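**Student:** Protein chains in written order, with this note's numbering: chain R, 1 to 400; chain S, 1001 to 1400; chain C, 2001 to 2400.
Note that these hints are calculated values from the structure, not bench results. Do not take every clue at face value.
Said to hold, decoys possible - Taking lysine-lysine pairs in the PhoX-like style, the calculated list, with each CA pair at most 20 angstroms apart, reads:
(1) C:2073 x R:263
(2) R:146 x C:2073
(3) R:276 x C:2202
(4) S:1332 x C:2207
On a predicted model such as this, the values are computed, not experimentally measured, just so you know.
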Amino acid sequence: MASNSCKSKILSNVLSCLNYKTGKFIIAESKRVGTLYRVIQLSIIGYLVGYVFLSKKSYQAKEESIQSAVITKLKGVAVTNTAESGRMVWEPVDYVIPPQGDAVFFIVTNFIETPNQKLGNCAESPDVPDGHCKGDKDCAKGESVKTGHGFRTGRCLRDNGKSSGTCEIYSWLCHDMTKSNENVLEAENFTIFIKNFIRFPKFSFSKANVQDTADKYHLKKCHYDELLEPYCPIFRLGDIVYRTGHSFQDMVLRGGSIGILIKWKCDLDRDHSECKPRYNFTRIDINASRESTGFNFRHARYYKNESGEVYRTQFKVYGIRINIMVHGKAGKFCIIPTVINIGSGLACIGGGTWLCDWILLYLMKKREFYKDWKFENVKKYEDTKQIPEEQQLTDQSPEV
Amino acid sequence: MASNSCKSKILSNVLSCLNYKTGKFIIAESKRVGTLYRVIQLSIIGYLVGYVFLSKKSYQAKEESIQSAVITKLKGVAVTNTAESGRMVWEPVDYVIPPQGDAVFFIVTNFIETPNQKLGNCAESPDVPDGHCKGDKDCAKGESVKTGHGFRTGRCLRDNGKSSGTCEIYSWLCHDMTKSNENVLEAENFTIFIKNFIRFPKFSFSKANVQDTADKYHLKKCHYDELLEPYCPIFRLGDIVYRTGHSFQDMVLRGGSIGILIKWKCDLDRDHSECKPRYNFTRIDINASRESTGFNFRHARYYKNESGEVYRTQFKVYGIRINIMVHGKAGKFCIIPTVINIGSGLACIGGGTWLCDWILLYLMKKREFYKDWKFENVKKYEDTKQIPEEQQLTDQSPEV
Amino acid sequence: MASNSCKSKILSNVLSCLNYKTGKFIIAESKRVGTLYRVIQLSIIGYLVGYVFLSKKSYQAKEESIQSAVITKLKGVAVTNTAESGRMVWEPVDYVIPPQGDAVFFIVTNFIETPNQKLGNCAESPDVPDGHCKGDKDCAKGESVKTGHGFRTGRCLRDNGKSSGTCEIYSWLCHDMTKSNENVLEAENFTIFIKNFIRFPKFSFSKANVQDTADKYHLKKCHYDELLEPYCPIFRLGDIVYRTGHSFQDMVLRGGSIGILIKWKCDLDRDHSECKPRYNFTRIDINASRESTGFNFRHARYYKNESGEVYRTQFKVYGIRINIMVHGKAGKFCIIPTVINIGSGLACIGGGTWLCDWILLYLMKKREFYKDWKFENVKKYEDTKQIPEEQQLTDQSPEV
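Model the full structure from these sequences, guided by the hints.
**Tutor:** Below you can see the structure in the form of structure tokens.
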């Protein structure tokens, strides 16, 4: 008997758990507050659907850390006629540094050759402040000249009569002070073939900027053009510089650094063939004041003469440093961000009710009246407890 | 007296502020709606706990922009026997380009040597379309041959009788057209030692793929093996190519580009020793149609003879270009994403009640009846205002 | 007439849609639960405002995938006096590898020169395990010595009497076993000029670490100092090593790898001039046990003698490998994360009411009593249906 009552109690519990409990509402026929509430509601829903989902695609999981590999290959030849080594033909193997086709490389467009350098003694160049001297005591033997070219021998070289001069140094540069004229390569028509392989690890999706092999022959001939050939990965050096908005001649002479930005913006919910690269060209050695500093460096070739003595030919090369930067962004539908956006949107609507309640209960003329209806004071019914009593049989589970 | 009443008013305000106000509910004993609501509730909670937190670990702040430094060192020797320079021993210093141990490097596996190149005149190779000519007028002096090897001298070279030929050019390539046979290195046993240092800036956590020094001697001997030695950072070149699923012989001959992906997936809530790299090997110079294009480039060594004349030995090297790409993802508990996920989850449950209300009030048979109970119309009690009157003394703060 | 009633019905629908419906609440004068609820409310609001928005700036959209280009330029000279090639002056062109100013480069600080190497036969060095032999049969002709220096000629070289020796090999290293002493460069005062251009693609914001050209002359003279010159991009090699907390002498001798981390932490809601880089120096070739392994590699210069025979000078260079890693993080106000955080915060407050309800209805002494007031059982009014009847004329839209 007791067990029965117990069973029935459990049963009723379970059943009551399946009762649907929903909040009781009062209808405040205040059109102003009501309208306000609807406006809030609609604007949030509009924001969710229109901005968050349609425009920003926030229903997608995003991937921005891209894996990328770049291979480059240059073509084109130039000829120079230098006082030092006569007529010279420049092939990629000569003017691309390093030659192995990296993502960051340098194209020689102008150089100063100083052949057959040997170590010896000579005057430090006057441009180096630390090289100046008034007497031998300023040229302590063996000390290096700060940001200079060699080591002091202990002597101060002064043109007769002059009160100051420059220290004598032991240096490589001693046999070339005279002959150093520039030699410009005609680099405008060099072509750069860029091969870019990317991978989005999160979605394990990978692609290359060189489409399919069908148009292999086309690839040999085409040149990149923003409008006509946006996917041809072969670039004329002249075009690249032109697109950065700088003067080719200026860059060729003083050198410069150009960034080629490859952008992959892929919506992986769409067809993968729509995931295509965009190329962008900007000069990256420009200060705020847009004053360029150019780009150059020195490299040398070493030789030995019959007597085994080392000598070298040093090249001060000005040129264009290409820096290929790849940036990718992929999105694919994912439940989590979707729920997060919907959920927080709904919550904000809930916040809207708070605002409206507050207006209703604090700003409206009939606020006291509304309060009385919205809030039911339990306490003062304490004495009249017998009324609810009988309900206690049907014990209700709470709103969890 | 007035101040007293004022004080008491403030006090009652403060107290009433601590009253707990909770929504009044009606129990609609509709098992169907109730069940639906429970289902929604449980499914969302299940999604939160099971998918979001346990499976996706969305309680963690994620870091995907990794700082990485890679150092590589190759070992192994090969011997070749070329017509040009006889027996040659190839050490890393000879076959690794560049030699300084970068993350992107090239291993010579096959080369064509063209020694003692000097500048001179010869016929452009017939492969170059722009080099063809019918007469000298097609070979304007000084013009470069597009994607060719040199500069036109002004003469069109035709085998007697032939109507067309190729322009004569001034070029490096003039002394080697004949002898150019390939020489393959036995590169299968070369080993690559990869040292990878990573850092997650957000968590300022850093680690290296070379574990501790305890097994230093072991490090000298071990070879990477997916199953047996997954953490040994020494790789046989043969194994690497094998894992990409391509033929080693083919790659050795025509060259190719391989990406070694190092994946760091670290749960920083766990013990840091569990944060270990995974290695992955893929060939990255393959088009959609899986047709390889190979990889090669030219580099040269420059010499001078007694008379100071420059000549060079050019190597056209085929080989394997290794591109080590590091990708890392770390997660660590963070309160913000946790709150966001829980909050939006709860909000969605709230959305569930809306759905159920809507069903209850619009689709159920007894909808009108439920409506009457859910909604209490304030207006029609307006005349009977004296009832609430007395309540106004206990002024209630709103539900904020 | 019917149409009229229809019209009026529609109208009343529309109007009722603008009625403001707000939940009916009961006031449970339980100060404990009320207080608890207020605490939850305030703590969540505090967390939102204080932690999420003020401290973590979660109202911003974050960008962590940065595009970066680095150019480096070294200055300084050193002199060495080697037995092999006498007094030598080292300029950047000699000691920086590669010379073209990349983000990853190597500075020679110590080297072993082995000049005039020719191919020939000699004994494998005893350090190579695979080179040991007891008899000629252990030295199969033509086989390479694993991790060795050359190819077995077939002979086992043993000092007379000894039972074991090392195989004879055909190798480059045969003319230099003797003379190989180290030569240290005084590299402490070398300066590294680092030029870093960055770009945040999401906000298309770009900047360089070299401020404006106003202080161009200053740039020539300044040296980076954490406190005095935090934005001067010129670094003394000695300072860099010092900041890593390692001994310069040790690094100079055995070599090592240093990471220069450039951190861009930009709040793009602020003035852009406040987006400045921070420099950080850490040694990255250290194992957990902080035991260094040093860093060195070999490179060679190739020469030809009159008879056209190739020989080379090999340098085993120890030195400091600098790896410049750029990490950027930019934030800018965005509505979506703001809404998400606020929304989920509100939702959590809602969760708080659940908790309090649960306490109120299950733990409090007067729980049954509260239940009766919170929940209104519809069923038992089913018979008394005539009361609501008349309301059905004013048909209420649900709370959507």
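**Student:** Could you check the structure against the hints above and give me the numbers of any it violates, in ascending order?
**Tutor:** 1, 4
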